[in-house]
Each structure stands twice: as C-alpha cells, then as structure tokens.
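Participant: Could you put the whole structure together from the sequences, leaning on the hints where they help?
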Amino acid sequence: MLGLNKKDTSLLMFVVALSLFAPIILNIFPKDSGFAFFNGGYPDLMQRFAIFGIFAIGFNILFGLTGYLSFGHAAFLGVGSYAAVWMFKLLNYNILPALILSVVVAGLVSVVIGWISLRRSGIYFSILTLAFAQMMYAIAYSDLFGRWMGITLTNGETGLQIYNNDPQILLGNGPTSPHLFGLEMGARKVLSIGPWEFVFPVGYYLCAILLILSFYLSIRIFRSPFGLMLRAIKSNQTRMSYTGLNSKPYTLAAFVISGMYAGLAGGLLAAMDPLAGAERMYWTESGAVVIMTILGGVGTLIGPILGAGTIKYMENIISKMNEKLLHDWFSFLPESLEYAMVWLASWFTGEGWHMTQGVLFMLVIIFLPGGLVQGGQKLASRFRRNKADDTATNATPAE
Amino acid sequence: MDVILPQILNGLDKGSAYALIALGLTLIFGTLGVVNFAHGALFMIGAFCSVSLSRILNLSYVTEDPTQTDFLGKPLKVETPYLEAWFGPEFGGALIDWSVPLAILFSIPIMILVGLVMERGLIKHFYKRPHADQILVTFGLAIILQELVRGIYGANPIQTPAPDMFRGSIDFGAMLGFDPNVIIYPYWRMIYFFFSAVVIGGVFAFLQFTTFGMVVRAGMADRETVGLLGINIDRRFTIMFAIAAVVAGWAGVMYAPINAPNYHMGMDFLVLSFVVVVVGGMGSLPGAVAAGFLLGILESFASMTAVKEILDGIDQIIIYLVAIIILLTRPRGLMGKKGVMED
Amino acid sequence: MGILEVKNVNKRFGGLQALGDVNLSVKENSCHAIIGPNGAGKSTLLNCFVGKLIPDTGSVMFDGQSVLGRTPYEINQMGISRVFQTPEIFGDLTVLENMLIACFAKRDGAFRMHAVENMHNERDIVEKAEHMLEEMGMIDQKDDHSASMSRGNKRRLEIAMCLSQDPRLLLLDEPTAGMARADTNNTIDLLKQIKDERDITIAIIEHDMHVVFSLADRITVLAQGTPLVEDDPENIKGNPKVREAYLGEAA
Numbered sequence: 001m002l003g004l005n006k007k008d009t010s011l012l013m014f015v016v017a018l019s020l021f022a023p024i025i026l027n028i029f030p031k032d033s034g035f036a037f038f039n040g041g042y043p044d045l046m047q048r049f050a051i052f053g054i055f056a057i058g059f060n061i062l063f064g065l066t067g068y069l070s071f072g073h074a075a076f077l078g079v080g081s082y083a084a085v086w087m088f089k090l091l092n093y094n095i096l097p098a099l100i101l102s103v104v105v106a107g108l109v110s111v112v113i114g115w116i117s118l119r120r121s122g123i124y125f126s127i128l129t130l131a132f133a134q135m136m137y138a139i140a141y142s143d144l145f146g147r148w149m150g151i152t153l154t155n156g157e158t159g160l161q162i163y164n165n166d167p168q169i170l171l172g173n174g175p176t177s178p179h180l181f182g183l184e185m186g187a188r189k190v191l192s193i194g195p196w197e198f199v200f201p202v203g204y205y206l207c208a209i210l211l212i213l214s215f216y217l218s219i220r221i222f223r224s225p226f227g228l229m230l231r232a233i234k235s236n237q238t239r240m241s242y243t244g245l246n247s248k249p250y251t252l253a254a255f256v257i258s259g260m261y262a263g264l265a266g267g268l269l270a271a272m273d274p275l276a277g278a279e280r281m282y283w284t285e286s287g288a289v290v291i292m293t294i295l296g297g298v299g300t301l302i303g304p305i306l307g308a309g310t311i312k313y314m315e316n317i318i319s320k321m322n323e324k325l326l327h328d329w330f331s332f333l334p335e336s337l338e339y340a341m342v343w344l345a346s347w348f349t350g351e352g353w354h355m356t357q358g359v360l361f362m363l364v365i366i367f368l369p370g371g372l373v374q375g376g377q378k379l380a381s382r383f384r385r386n387k388a389d390d391t392a393t394n395a396t397p398a399e
Numbered sequence: 001m002d003v004i005l006p007q008i009l010n011g012l013d014k015g016s017a018y019a020l021i022a023l024g025l026t027l028i029f030g031t032l033g034v035v036n037f038a039h040g041a042l043f044m045i046g047a048f049c050s051v052s053l054s055r056i057l058n059l060s061y062v063t064e065d066p067t068q069t070d071f072l073g074k075p076l077k078v079e080t081p082y083l084e085a086w087f088g089p090e091f092g093g094a095l096i097d098w099s100v101p102l103a104i105l106f107s108i109p110i111m112i113l114v115g116l117v118m119e120r121g122l123i124k125h126f127y128k129r130p131h132a133d134q135i136l137v138t139f140g141l142a143i144i145l146q147e148l149v150r151g152i153y154g155a156n157p158i159q160t161p162a163p164d165m166f167r168g169s170i171d172f173g174a175m176l177g178f179d180p181n182v183i184i185y186p187y188w189r190m191i192y193f194f195f196s197a198v199v200i201g202g203v204f205a206f207l208q209f210t211t212f213g214m215v216v217r218a219g220m221a222d223r224e225t226v227g228l229l230g231i232n233i234d235r236r237f238t239i240m241f242a243i244a245a246v247v248a249g250w251a252g253v254m255y256a257p258i259n260a261p262n263y264h265m266g267m268d269f270l271v272l273s274f275v276v277v278v279v280g281g282m283g284s285l286p287g288a289v290a291a292g293f294l295l296g297i298l299e300s301f302a303s304m305t306a307v308k309e310i311l312d313g314i315d316q317i318i319i320y321l322v323a324i325i326i327l328l329t330r331p332r333g334l335m336g337k338k339g340v341m342e343d
Numbered sequence: 001m002g003i004l005e006v007k008n009v010n011k012r013f014g015g016l017q018a019l020g021d022v023n024l025s026v027k028e029n030s031c032h033a034i035i036g037p038n039g040a041g042k043s044t045l046l047n048c049f050v051g052k053l054i055p056d057t058g059s060v061m062f063d064g065q066s067v068l069g070r071t072p073y074e075i076n077q078m079g080i081s082r083v084f085q086t087p088e089i090f091g092d093l094t095v096l097e098n099m100l101i102a103c104f105a106k107r108d109g110a111f112r113m114h115a116v117e118n119m120h121n122e123r124d125i126v127e128k129a130e131h132m133l134e135e136m137g138m139i140d141q142k143d144d145h146s147a148s149m150s151r152g153n154k155r156r157l158e159i160a161m162c163l164s165q166d167p168r169l170l171l172l173d174e175p176t177a178g179m180a181r182a183d184t185n186n187t188i189d190l191l192k193q194i195k196d197e198r199d200i201t202i203a204i205i206e207h208d209m210h211v212v213f214s215l216a217d218r219i220t221v222l223a224q225g226t227p228l229v230e231d232d233p234e235n236i237k238g239n240p241k242v243r244e245a246y247l248g249e250a251a
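Going line by line, the protein sequences match chains A, B and C. For the record, in the first sequence the residue sitting at position 42 is 42 according to full-length UniProt numbering, with numbers rising by one throughout. For the record, in the second sequence the residue sitting at position 234 is 234 according to full-length UniProt numbering, with numbers rising by one throughout. For the record, in the third sequence the residue sitting at position 142 is 142 according to full-length UniProt numbering, with numbers rising by one throughout.
By construction, these hints were calculated from the structure, which means they are not laboratory data. All C-beta atoms, glycine included, are put in the ideal place defined by N, C-alpha and C. It is possible that part of the hints are untrue.
One side of the interface only, derived from the structure: several residues of chain A facing chain B at Cβ under 8 Å [as the list claims (entries may be wrong)]:
1) G122
2) L128
3) L130
4) A131
5) I139
6) W148
7) G287
8) I294
9) M355
10) G358
11) V359
12) F361
13) I365
14) P369
In silico DSS-like pairs for lysine-lysine, Cα to Cα no more than 25 Å straight-line [unchecked claim]:
15) A/K234 to C/K52
16) A/K234 to B/K128
17) A/K248 to C/K52
18) C/K142 to A/K7
19) A/K378 to B/K128
20) A/K6 to C/K142
21) C/K106 to A/K234
22) C/K106 to A/K248
From the structure, some residues in chain A lie toward chain B, with a derived Cβ separation under 7 Å [to be verified]:
23) I123
24) I127
25) Q134
26) M135
27) S142
28) L144
29) R147
30) W347
31) H354
32) M362
Facilitator: Here you go:
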C-alpha cells in the first residue's frame, strides 16, 4: 500500500494508531486514582511527543543512514521557531505560512552549514556542526544580526514574542492565537467516561498528522535507492567512490533533509506556543536529540519515535516528582529509611531530571547501543527460543 | 602599543585555560584515541577543589563573646576557624588565605583518582567502539558530574578569592613608560598565565626528556608497533589519562579566583576547547597550545571598544568564525598531521 | 595505441623516488601484468591510474583522455574499475544490495536524487544485479550479510560489482593476496573466464608468479620505480635481468 511493502505498511499503521489514540492510551489511569500522576495525556506533553518525534525521525535520516553524527541539529530547530514567530508577527496567526517558512529557512541554513561541515568527516564533522550551532546560539542569544541591522530579530535573552503593535497585516478580525484557517490550535474536546477523562486537542492532532506524514516520507527514503546510497556511505566510502559515486551531494542532501525536519519541528513548537528563544539551540539540546535517536534505535524506522516519546515522557513525569510526592510514596517504610530513600530519589527527580538523563545516556550507550528496538528484538528472540525449548522438552517425554 | 598590549594580556588568561584543557584533550585523544566530552567536567571539578579546600580550611567553631552583644542584645557569637585556633591567627589565617594555591596540592590525589576511575571504569571499554559512542557516553558522564556538583554546591557561582597579596593589579603601562593606569593587569591573571606556562612546559619536558614520555610519544604515533615491542602501552596510557586529568584540574583550581566556579563552567569551556583542539590540529600538542592562546587573544581583541563600534558583539562568535575559516583553508588545522583522524 | 597510455610518470615522496620515468602502454582487450619486488612502486603506479595520487610529472591517458586531477568516482565513470588488495565491499549491506549500488552507479551516474522513488520500480536494475550474481555463482547468498562471507567470496563479490558496470579497464591489485590455495585457484579460474568471455582490458598487479603466468598476455617488470623490461610471459621467464631484480628478495 502507498508503495510500501507489507511489513512497512503495518509499521505505518502502528504509528497511525498510536498517534490517533494517544490521548486515550496516555490517560489510561482514571483521573482520581493514585496512578493518575503517570498519565501523559495532556496537550502540552502529547504535542511534544509528536514534535520531537519529527525532529528525531529527521535526525535519524542523517545519523542513522549515513553515520554522520551532527552535534548541532538544535540550531535548525531554533531557526525554524524564529521563522515561524516572524510569520505570526508579519502576517497573522495562520500556521501554514509559518510552517512553510520554518522548513524553507531551516533548509537554507542547513545547506550552508552542511556544505561547509561536510568537507570533513568523522569527529571533525561533529565538532564543526557543534561549533556552528554554538555560534548560532550566540548570535541568537545576543541578537547580533538584529543589532547589526538595527532591528529586533531574535530579541536576545527575552526571546521572540508577538506584540500588539506588530504589523500582522492579514490579521483583520481573525483569531489571536495560532490557527489553521480558523481552526485554533488551543481548541480541545474533553471526553469524560466514568472516572476517566480524555482530552483531544486540535494542536496535538495537527502535530500527529505531520508526524505520520514525516514518518511515511522517512520510510520511503529508507527504502529508496537514495536511502541505499546513504547506507553505502556509512558502510564504506572508499568503495563508494571507486564505484563511481560522489558521496558529497548524497550526504549533503541527507543533511538538508534532516535540517528541514528539524525546522518543521521548530515551527510546530512555535505554532503550539508562539514564542522562540535561544535556549532551544543550546548544544545540549542537540545532544538530546542524538540520545532520543539512539535510545530508540539508530537506523531503525520506528526507533526515533519511541526514543523521543520515552525521553519526553520521562522528562515530564520525573521533573514533576517533588519531595512531598516522594514522601507519600515511601511512607510505608520506617521513618529513617523513608528519609533516606527520599534523599536518594531526590537526586534523580524534580530538578534532578538532568542527572537521570545523564545516567540514561550512559546506560543506553553501554548496554543497549542498538536501542529499544534492538532490545525488544533480543527479548522477543529469547522468548521465542524459550518457547521452542519448552516444546522441545515437552516433546521428548512424549516419544 | 597601549591599545594592543592590554588586549594581548587580557587574552592570556582565557587562552591559558583553553590551552591547558586542549592540551589534556589532545593527550587523551592522541594516546587513547578517545574523544572525551567529560574533559570540561574535569576542569570544573578542579575549580570545585578550590572551593572545597577553602571551605574545609574555613571550618569554624562558634563561641560566645560576652563583652560584645549582637543587635538582639544577646552575647555575640564569634566564629573561629579551627586552623586559627590550632596554629594561631597568623599562620592559620595565612593558610586560609592561601587556600587556592594550596588546592593545587589538594587537587592532585582527587584528580588522579577521578581520572583513573574514569579511564579504568568507563573509557577503557570504549577504545574499540565508534567515536560517536565515545562522544555520547562521555557526554552522559559530563552531565552526571555536573549534576552531582550542582547537587552538592548549588546552582549559584561561588566566589573563591585569591590570596590577599595577589588581589591588586600591576600597572604595566607605568612600567613601560606610558601614562599610569592605562595598562593595568590583575596580579592573579599574571600568575595564572605563568602557572599555565610552567605546567605546559612541564608536560612537554616530561614527554620529551623521560623514557616514559618517549614511549608515550611513540605510542601516539604508532600504537601497534610500540605494543609489539613488548611495552605495556596501556598502563602508560592510563597514567597519561591521569596526568591529563590533573592538568585540566589545575587549570580549574587556579581559574576559581578569576571566574567564580559554577556547575556548568565545564560545559561552557568544553565546546570552545574542542574548537581549539580542531583548530590546532587534532593530535598535535603544540598546535593545541598555540591555538588556545591564539583564540583567547583573538577573543579579547574582538571585545575591544574600537572593534565593537564596527561590529557589535563580534567577540561572542569570533572564535567560531576563525575556527571555520581555518578549517576551510587548512583542513588539518594549524599543525595537524596527515593521517590523524582522516576518516 | 593502447587503451591506457602512461608517459614519463615521475613521483617523489620526500627524498624517495617512488616512480621514475614510467612508460607503459596497455593494449585493449589484453591482460597486462605489472610485477616487481616489494617497494618497486607497483601500488604507487596503480594509485596514479585511479586518481588517488597525482604524479609530479608525466601523463596518464585513458582512451585518449587524461585521468590526472580527476577524482576516483569520475575515473570510475570513465570506465575504469578497481579491485583492492583487501576486498573493499559494503560490509553492512547484503550481497544483493552491494550489487544494486554498483548497477545504480552505472545507470544514474555519480549522483541522482532518487529519494522517494521506489525500489519496486527498478525491476531492470534488480534483474541485472541478480543476473550478475547468478553468473558469478553467488545467487544463493544474495541476502547474506556481506561482511560475514569468506575472503574468497568477498573478492568474488567485489569483482562482480566491478563487472556489472561493464568497465573497459579492470584494475586488480594483488587479487589473491592473503588467500588460501583453493581460493587463489578459484579466483584465477574466475579471472580467466572473465578474460575469455568479455571484451575487457585487465591490468593486474601481482606478486604471485603462478597467478601472473596463468593470466597475463604481457608483463612489465618494475624495479625501484622504473620499468625494467616489458615482454611476453615466455620471454620474461628466462630473462636474466628479471631474475636479478628478484634475487635480492629471494636471498
């Protein structure tokens, strides 16, 4: 279907189902139950799942296929956000022109950065992209270009926002929050079934549709001759060039495609909440997308989505665990032990999310370099083997 | 001259820090072939050695002074550092005052321990893994170390003063015959520069003139052959890692009075140090040092008022710009060798 | 006029004269071997043919066009394919995928943005690749991970990839180095078959005299970067100069 083979089609259907039913799956615990804390089905978080899923899918096209590790992809995300907010400021709150400009601007920037960085490979490439991203962060943070041109371009530390005196030439009587031809992103339907409550936000569904499209496109790229060439680059560049192939334009194309994915993600962030700040471009953010991709499974199709979802979910849940909650959870223990456990847990929760993140990075790289997808496959094959063993042992006495 | 000299001087201390960190990065990269993203964290741990020693030396007990009262009318509580009680106010006070220079000694066992644990416990297992894995696992480690320090010392910068006698400034201008107060330079920055120069010189001398250093240099050039000679190169490389850790730690120890240590200073310096290493030429020790000073001084020039009037804020991106230009014109960096990290 | 004309090629590395006044002409549809003791400059010469090295002076013409200053992929697109001493294949990919890449490169050139095209629509390419594998007796292994194959099979795959591009000149760099006797003989048979069945010129660098004399129509002996003699295999066998050049090594 749609030019995909059976396995890929079912993978796509899985992602479609996951995206469409996310509001239900993520709010599986009744509203008043003790586990409601673990529900993730609120708009802000679900949007992040989809947006960072797109970001990671794009990153995986570069890193997963060609093996070029960019440490500066957050720059394209940031550029996308700024471009989108500028569209809101100049035209109106319609997100369509904003998203288009996000993708285009991120694409253009990635052509320049990619063209220069791809003159080197390996660790040099990683450091060049890192240097570029940090430079762009510095430019955005102190609004250098704006200062040179005598205007406000990124609005520095404060971040770019929309003010009443912005031109917004097409605004008229239209909505005053991001919308798609009148359909406001902030709108939502709440469905209460008994003790359960499910929220269906418009903004999330827009992100989810774009996630599905992005995922479909990435499958097509993976399965195309172009995708094969990208994998060839990762495998053996010497053979590549002696087979008559110029690896430069292939890698640059992959770089730009993944930059445009990042731009789309950045634009969506702004479309959900019309601001843009430099902190989105800081280099640790680039590190985060690398980890999402690796956690899920580099070079696999579904991996980046799983990785982005896992990281964003953990970030959200873990950073809102506070001391009071921890005390509640450990209250079954003797008091001294309770305090010890809370003390220990507080290193990793609340503000300690970063610590958990660091630990997670290390654990994944050390024990699961193939990511969740590989882990799942290993588990599945072990399960299958056990089953086979069982039947074998069962079969023997029968004879 | 009176315009240029201050900028060179101002660039020296930052350049020294870049050079020291980049030197260690290059040593680790050259000997172990590992790209260590946790190297900035070593610099930060060094700075917090200063903070810790200063706190330890300041440990005090509280007595009540009946002759004085506080604003509530109660007897005034006086904190007396144990050191002053034990060694008398003069010597004890001097020890406290000199906590940063003393931290140079204090940091040695700590940095060696951290370095050894890092290398033996983690990085050893990543020699044969792809560079991407090395980058990411050390990146994770850097985050953990940074968060540990934040958990212990809090998020705010901690002022850590240099000894009293170094608090003033030298009037270089007056010494050179310019008007007084035109070219002034804080003593401590001067000391930082000389300290770095001595450390860098020491590392080079160690590599150049000892048998140990010769083996390490040979191993950097051709690890397999040296291994074939029956020399246990791995153990020597482990020791080199510890030395690189101490060098980064010292850079941090002495930097504490210049910039109050905070938990993210390692990450802030790391990116620039990598740029320095690449500009100098991956695997080249003199290149790392030269590029460190060069970029430090360039940064300082870019922050001159005269330059800022033309291109405001250029000081924030000058290092990156220069690095990109150098890499485009000299792909191997200033002093890079052919064949090092070509793929 | 040969298909590959090498004129007055010199190459120095620092103080070492790697190649000195090399003149060489490889005739179309022949098998030309370049032999010589270790360090005679055989590999340096080969690298000058494929764009890896540029000689200090002299010219290398392929079919009337200079190859100097061109990149390896441009030279491949001119019709020169190279087989390496250690087989260079796409180890992460399957055998069939290796072949597909070579076939795409032949049809589409050095770069084509076929990003969302579907592999199902490339039936002719897949058929061509599978046909080539069948010819090489590797069709049963088409879905195998190519890195896990034996060295002999890797070599076979590498040659298959080269042949699928219908090169006019096939360069072989010690194709049997490091192989067991059985693999060596298989490779010789394969190359003989290629030579007999195709309109192809082969230039081979080899150490193993058994291989050379089984294949070559013409032999150039290189010593210290300079051609010593060029002659038919029969004459080379008894040539005292050649003996001398090799004696130092044998002793």
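Participant: Now look at each hint and say whether the structure bears it out.
Facilitator: Going down the list of hints, with the structure as the test:
Contact between A/G122 and chain B, as hinted, is supported at the beta carbon level, the nearest pair being about 5 Å apart and thus within 8 Å. Satisfaction of the interface hint for A/L128 is found here, the shortest Cβ-Cβ separation to chain B being roughly 7 Å, below the 8 Å cut-off. A distance limit of 8 Å between C-beta atoms decides the matter here; for A/L130 the minimum to chain B is near 6 Å, and the interface restraint holds. Using the Cβ-Cβ criterion of 8 Å, the hint placing A/A131 at the interface with chain B is satisfied: the shortest such distance is roughly 5 Å.
This hint holds: A/I139 has a C-beta 6 Å from the nearest C-beta of chain B, less than the 8 Å allowed. Interface restraint check: A/W148 against chain B, minimum CB-CB distance 7 Å, threshold 8 Å, status holds. At about 6 Å, the closest approach between the beta carbon of A/G287 and any beta carbon in chain B falls short of 8 Å, and the interface hint on this residue holds. Residue-level restraint check for A/I294 holds (minimum Cβ-Cβ distance to chain B is 7 Å; threshold 8 Å).
Given the 8 Å rule on beta carbons, the hint for A/M355 holds: about 4 Å separates it from the nearest Cβ of chain B. Annotation: A/G358 was flagged as interfacial toward chain B, and the flag holds, the nearest CB pair being 3 Å apart, inside 8 Å. The beta carbon of A/V359 comes within 6 Å of a beta carbon in chain B, closer than 8 Å, and the hint placing it at the interface holds. Checking A/F361 against chain B: minimum C-beta separation of about 3 Å stays under 8 Å; hint holds.
Interface restraint check: A/I365 against chain B, minimum CB-CB distance 4 Å, threshold 8 Å, status holds. Interface hint status for A/P369: upheld, as the beta-carbon distance to the closest one in chain B is roughly 6 Å, under 8 Å. Under the criterion of a C-alpha separation no larger than 25 Å, the hint pairing A/K234 with C/K52 is consistent with the structure, at around 20 Å. Proximity of A/K234 to B/K128 is assessed by CA-CA distance (about 17 Å); at most 25 Å being required, the pair is judged to hold.
For the suggested pair A/K248 and C/K52, the alpha carbons sit about 17 Å apart, so the restraint of at most 25 Å is met. Restraint check for C/K142 and A/K7: the C-alpha separation of about 20 Å stays at or below 25 Å, so the hint holds. Of the pairs offered as hints, the one joining A/K378 and B/K128 holds, with about 23 Å between alpha carbons and a cut-off of 25 Å not exceeded. For a cut-off of 25 Å, the pair hint linking A/K6 to C/K142 stands: about 21 Å separates their Cα positions.
Using a Cα cut-off of 25 Å, the hinted pair C/K106 and A/K234 holds, with the two alpha carbons roughly 20 Å apart. Among the hinted pairs, C/K106 with A/K248 is consistent with the structure: their alpha-carbon atoms are about 18 Å apart, no more than 25 Å. Interface hint at A/I123: satisfied, since its Cβ lies 5 Å from the closest Cβ of chain B, which is below the 7 Å cut-off. Satisfaction of the interface hint for A/I127 is found here, the shortest Cβ-Cβ separation to chain B being roughly 5 Å, below the 7 Å cut-off.
With its C-beta approaching chain B no nearer than about 5 Å, A/Q134 sits inside the 7 Å limit, and its interface hint holds. For A/M135, the interface hint holds, since its Cβ comes within 7 Å of a Cβ in chain B; the closest pair sits about 4 Å apart. The interface hint given for A/S142 holds, since its Cβ lies 5 Å from the closest Cβ of chain B, which is under the 7 Å cut-off. Interface restraint check: A/L144 against chain B, minimum CB-CB distance 5 Å, threshold 7 Å, status holds.
Because the smallest distance between the Cβ of A/R147 and any Cβ of chain B comes to about 5 Å, under 7 Å, the interface hint for this residue holds. For the restraint placing A/W347 at the interface with chain B, the shortest Cβ-Cβ distance is roughly 6 Å, inside the 7 Å limit, so the hint holds. Of the supplied interface hints, the one on A/H354 holds, with its beta-carbon coming within about 5 Å of a beta-carbon of chain B, less than 7 Å. Below 7 Å, beta-carbon pairs count as interface contacts, and A/M362 has one with chain B at about 4 Å; its hint therefore holds.
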